[in-house]
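Kindly produce the complete structure, drawing on both the sequences and the hints.
Protein chains in written order, with this note's numbering: chain A, -3 to 196; chain B, 2 to 248; chain C, 32 to 493.
I should point out that these hints are in silico values taken from the structure, not numbers from a laboratory.
Virtual Cβ for every residue (Gly too), placed ideally from N, Cα, C.
Keep in mind that a hint or two might mislead.
[To be verified] Across the chosen pairs, the derived CB separations fall in these ranges:
1. B/Pro233 to C/Ala47: 25 to 35 Å
2. C/Pro418 to B/Pro152: 39 to 49 Å
3. A/Leu152 to C/His110: 19 to 29 Å
4. C/Asn415 to A/Asp153: 53 to 63 Å
5. B/His142 to C/Gln426: 26 to 36 Å
6. A/Gly26 to B/Pro152: 14 to 24 Å
7. A/Asp24 to C/Pro222: 42 to 52 Å
8. C/Gln426 to B/Arg174: 51 to 61 Å
9. C/Thr190 to B/Arg173: 20 to 30 Å
[What the hints assert, rightly or not] From the structure, some residues in chain B lie toward chain C, with a derived Cβ separation under 10 Å:
10. Pro46
11. Ser124
12. Met196
[As the list claims (entries may be wrong)] Simulated crosslink set (DSS-like; lysine-lysine; CA at most 25 Å straight-line):
13. C/Lys48 to B/Lys99
14. C/Lys484 to B/Lys3
15. A/Lys88 to C/Lys226
16. B/Lys145 to C/Lys64
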Amino acid sequence: MSSRDEVLARVRKSQPASRPMPAIPSFDAGLSTSIATFEANLLRMGGRFAQAADGGDIDAQIGELFPSAQVICSATPEVKGNRAIDSVAAPKDLHDVDVGVVRAAFGVAETGSVWLSEREFRVNALGFLSQHLVVLLDPERIVANLHRAYEHQGFLDARYAVLMTGPSATADIEGILIHGAQGIRTLTVIASPVRDRSAA
Amino acid sequence: MKVALFVPCYVDAFFPEVAVATLELLERFGIEVSYPLDQTCCGQPMANSGCHQEAAPTEALFARNFAGFDYIVGPSGSCVHHIRENLTAIPQTPEVQKVRQSTYELVEFLHDIVKVRELPWASFRHKVGLHNGCSTLRALHEAKSTEISEPAFSKPMDLLSLVEGIEFVKPRRADECCGFGGTFSVFEEPVSARMGYDKVNDHHGAGAEYIVSADMSCLMHQKGCAERLDLPIKFIHIAQVMNGARA
Amino acid sequence: MKRIDHAEASSKFIRAKDHIEFHDRRLWDLRQKRDRESEAIPEWEELRTLASAIKEHALSNLGDYLEQFELNAVKNGAHVHWAKDAAEHNQIVLDIMQDRGARTLVKAKSMLTDECEMRPFLENRGIEIMETDLGERIQQLDDEPPSHIVVPAVHKLRTDVARVFSETIGTDAKNSDVHYLAESQRQHTRPYFLKADAGMTGANFAVAETGSIVVCTNEGNADLSVNLPPLYIASIGIEKIIPRMEHLGVFVRMLSRSALGSPITQLTSHFRAPRPGTQMHIILVDNGRSERLGMDDFWYSLKCIRCGACMNTCPVYRRSGGLSYGATYSGPIGVIIDPTFNLRKYSSLPFASTLNGSCTSVCPVRINIHEQIYKWRQIISERNQLPMLKKEAMQVAGKVLASPKLYRAAVDAAGSSVEHLPRFMLYNRLNAWGRQREVPAAPSQTFRQWYLKNRSKERVES
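Structure below.
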């Protein structure tokens, strides 16, 4: 008997009489989907927020936010950067990126989270090897809470999906909060409408 | 209504004044209180040690002593919790079930059954830290605990607030267990004592002259700690305060 | 196998004054942060009920959900392995790595791998393992197990970390600045992410509907461990299966709020399928879980989502530290799980509790922890695992308290003896009560004696 068969047999022999599956409400009555609510919760989690600069030149805006950045790698065509994401052969090649730039599929107002997958990252490691991450978010693409977030089709399609909420952090030593544990040191969300809203 | 007084074993032996106050207090409301003379203990010390079988004869004696009453009232949250929820070492005859369901802790009896709305004879002009024992608080649900998200309420506070001159202090960790825990106090003495020290220091730091509780077992442990620490803090059972003790 | 003596270990912990003060304060702070979150969400208690119901449904249909999970994981391109026990789990990990010539492993926090004692097994067979979570790394470098499932080094002060790092990764022994220490670990660990042959995580949840593995971290070390190396191994206890993605709405809302008092962890990562050109292996581990599933009183412990809220609230845990329990799982959840691993070894743990019930009140999945602790005490007593002294004392107490005559004799004797004993007899090493407390003064009469004197003329009961 394989281990699989043995484990399943033991489980089926042991499991108690079936309990019913509950229905899950969405708990979003009266909840806000505004960018302001999103911003407040993002800041609580240690993230940063900015409106897109007038004129919409995000490259310039990033230059101002990170004046000493040398390598800027963008996974979204709206921002040029100076390291082409297509030229990345292996994920570890992104080890020297100072600022990574992505556009989130959507945001979650309840927590200040942004949703990203391999489609948004192009190379997943961009979201974790970069010292800093800039995330473009369309204010019209914000859901109220996590119950709504988990309705997103992307969870069924994406190989990898992450709800990113602020920078990486730890308080493992004496409870002192550190930003930039193993991953990004800062997360900056720039509110920026997508040019073509009909795109999924 | 036929009411019987249940006196926990350690109250009978070490703190009879608490039982006296309980009896007198019930009588102030015109209640005729019987005291079964052959009562001993509810069985909790053995049961809480896992010694289910060893608890059975004591539990059976309890059920026999208190059969036939409408209410059984005792000044101890932990004992009453044991009777209502865990008196299971003996066969659950209809009589046993009736005894279990009819057993009340003093505060909940006065609050919910007698519906006390005034204590005109009571006056306690001191700064008081109210200690809700964990059985009274979480098991008997006599007040909102900070863990549970629900509207605030407190039966002990409702009653104590009727006492003239009483002033309440706010310790920093009002809900935290004081560390008595029955035989825990002996077999896990280091943590038990540390918890007791923290508790009395907390109340003292908040300005309490007295710690008042519906559980004398907690107070016994806290008093032992406070005395060893030389803290000028006194201890009194809620029955005594409600019955008119001035100090 | 030696019985864990929790009381003895706790005594040592308490003597380290600065450490216990910090430990207690830090974890109580996490508990208060949890409270703020729970009070801010009107549906908090309803969410707890839903979370509990989802878990009970999943566990009572676990066979079907395990098969559904496997089906979907395989469809996604992952390999699924099954391990009956810890030894088999460790061997499977070794085989997966050796079959691919993989020698270096970066891993995220996983209590399951600690439970299986995977690290020494692999390290003895030539695999180099880097713990990437800061707390786990500190403990790895100090050759000590983690003491808390969420904050593994919470029992250490910055000076302890400075000592450990200076002895192992070459930091300045005199510099205990926390930012310096954390940055040092980041810089030291980073090259290992870049060159590791394999990455490993556990799972907070495994979703049957999609075959996804969900890992919640704050540091981003799970995402680095999985998105860089060409090989990903996920070790999952079979009880982690939940039916649907929509259920994550409930669990993800509760997990970090319960653990740390923050609405969500910085990273909530969903691994469904391997990156093109890479491999993903999932190991489903039993190791006693199926047996626990069959225990009428204790299967509810399998609902645990490893938030640590019970540890944070437990007044005993805060004052004794996770290491005093001598097991992978400590605190209240440990107390009810560990006896299933070894009843004798862990027989003292269910008594390292005052049964105050705070753990049950904060548990996001409504595990009736303190009630299970109570039931374990009965089992330990029935299986003769109580210390002799306690068993005898309870037998004597049981006889005395069952007899009105014996009880009265004992109480009357106690009163007078306490009155007359000299202090050195009351307060010595043998009297545990008296080590740090005064003994109550004996009153001049019992209540019964008072009653007979003052009341009983008309109302003597037979």
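Discussion item. For each hint given before, does the structure comply? Return the numbers of the non-compliant ones in rising order.
Written reply: 8, 11 and 13
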